[in-house]
Amino acid sequence: MNPDDDAAYSLEVFARISGVETETILHYQELGLLRPLPDSGDHFDDEALRTLRRIEHLRDTCGVNETGIRLILDLLDELDRLRAAQ
Amino acid sequence: MRQKEEQPHRGRDFRRPGGFANGNPALDIGAPHRQISSVFNRERARPPMSVEFKDYYAILGVPRDASAEDIKKAFRKLARKHHPDVARDKKAAEEKFKEINEANEVLGDPVKRAKYDRLGADWQHEGEFPPPGRGAAAHEFNFGGTGFSDFFEQYFSGASRYGFPGEAHGRPRGGTQRFRGGDVEGDILVTLEEAMHGSVRSISLQMADPQTGRAETHTFQVRIPPGVTNGKRIRVPGQGEPGSGGGEAGDLYLRVRHAAHPDFSTQGADVFHELDIAPWEAVLGADVSVPTLDGTVKLRIPPGSENGQQLRVRGRGLPKGKSGERGDFHVILTVQTPAHSTDEERTLWEKLRAVSRFTPRSA
Chain A
1 MNPDDDAAYS LEVFARISGV ETETILHYQE LGLLRPLPDS GDHFDDEALR
51 TLRRIEHLRD TCGVNETGIR LILDLLDELD RLRAAQ
Chain B
1 MRQKEEQPHR GRDFRRPGGF ANGNPALDIG APHRQISSVF NRERARPPMS
51 VEFKDYYAIL GVPRDASAED IKKAFRKLAR KHHPDVARDK KAAEEKFKEI
101 NEANEVLGDP VKRAKYDRLG ADWQHEGEFP PPGRGAAAHE FNFGGTGFSD
151 FFEQYFSGAS RYGFPGEAHG RPRGGTQRFR GGDVEGDILV TLEEAMHGSV
201 RSISLQMADP QTGRAETHTF QVRIPPGVTN GKRIRVPGQG EPGSGGGEAG
251 DLYLRVRHAA HPDFSTQGAD VFHELDIAPW EAVLGADVSV PTLDGTVKLR
301 IPPGSENGQQ LRVRGRGLPK GKSGERGDFH VILTVQTPAH STDEERTLWE
351 KLRAVSRFTP RSA
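Quick note, the sequences are listed as chains A and B, same order.
Each residue of the first sequence is one higher than the last, beginning at 1 in our numbering.
Each residue of the second sequence is one higher than the last, beginning at 1 in our numbering.
Hints are computed from structural coordinates only; laboratory data are not their basis.
Wrong hints could be hidden among the right ones.
What the hints assert, rightly or not - Facing chain B, according to a computed beta carbon distance under 8 angstroms, are these residues of chain A, among others:
hint, residue
1, N2
2, D46
3, E47
4, L49
5, R50
6, R53
As the list claims (entries may be wrong) - Ranges of calculated distance between the beta carbons of each label pair, as one might list FRET restraints:
hint, chain 1, residue 1, chain 2, residue 2, range
7, B, G295, A, G41, 36 to 42 angstroms
8, B, E216, A, R35, 33 to 39 angstroms
9, A, R16, B, E325, 27 to 33 angstroms
Cβ atoms here follow ideal geometry from the backbone N, Cα and C, with glycine treated the same way.
Next up, chain A with everything else stripped away, as it sits in the complex (with noise of 0.2 angstroms):
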């Protein structure tokens, strides 16, 4: 069973599911490329875990920088918007 909605995690838990360290989180933060949920400080959310998988698999896997990720995860996005309105 999934876990409760509108799961929140803390920086240090959210770090520990996603098997990525702290300070990498806070890079892509400063970054753009992840948003902590408003209102929350530092706090993530079930989308922003989904993100964060996307940009380590693209740096990782697929060698982009972060550059490329950024354009790689805008373009999803849109891809996400147009199939949703379809």
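Following the hints, position chain B against chain A.
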């Protein structure tokens, strides 16, 4: 032009004997443990998975050249009849309702409908379709219990197979390095009643192991939280692609698709309802009872209301998370004119025409 002439014939060809009867496993779209005849791995060049063509026109009972308005009307009528809340045989109604919804989602959208008509034209083999031309995936997925048929998932959802590849993808397998499995994504059909109150759904995911080619099915429960909005993704940890070398499994993300409802539509947590009213109700005002997703509300239509005007009932939409807050309920007034009038009514309209200084065309 040639296509058009052939349409009536194709229409019959789509249907295989007994094709849409209840109990046909390939069409049993809501079954939690749906059996899939073949799951394959395209990298190993196995025969393509076959899905059965669904005759959405027959499901809605409309001709192939039906107008968008006809389709909308047919959907509303059937959706009212088979709505799980009103039907006596709830289980059968639910299956039917899902089928109608799916047909409406495809035929009610001009782009999807065109694609569907093209698919039908290309269909040659008895009940079998080539899989759509997507890139080869490490795993092939099959969902059960999401409320969508295999046919829909393969051609219209676009979601079930775009799971992000795992870390091990493209690297030599069988080594000692541990890799986390990739995330898998799919769609889940959620009725507005479920979105209102929340529910628990039984979902099955069948995957073929790329090394052995053997299919494995996992069945698990997914909690649909109250107030879940259209397009929201629900994360199910550990139900994605299996890891390799002892790595953990990926996650499954299910994207929520609100089922079309005959009376309501949604935008975020707000619910919309079109209310048909008589001309004199718009002019003189009226007190009416309006259905919502949880009981009826009394609504005062103010005198001098216009067609298309919106009235808002605060806090009667979908719940917003756990805060106890709720979206709003919006009523869109739709003035209906009587199609037939008695002699007496006619006399009164004529009198109104003679007396009224109302000019609908300002110029």
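Hint check results:
no.: 1; hint: N2; result: holds, 5 angstroms
no.: 2; hint: D46; result: holds, 4 angstroms
no.: 3; hint: E47; result: holds, 7 angstroms
no.: 4; hint: L49; result: holds, 7 angstroms
no.: 5; hint: R50; result: holds, 6 angstroms
no.: 6; hint: R53; result: holds, 6 angstroms
no.: 7; hint: G295(B) with G41(A): 36 to 42 angstroms; result: holds, 39 angstroms
no.: 8; hint: E216(B) with R35(A): 33 to 39 angstroms; result: holds, 36 angstroms
no.: 9; hint: R16(A) with E325(B): 27 to 33 angstroms; result: holds, 31 angstroms
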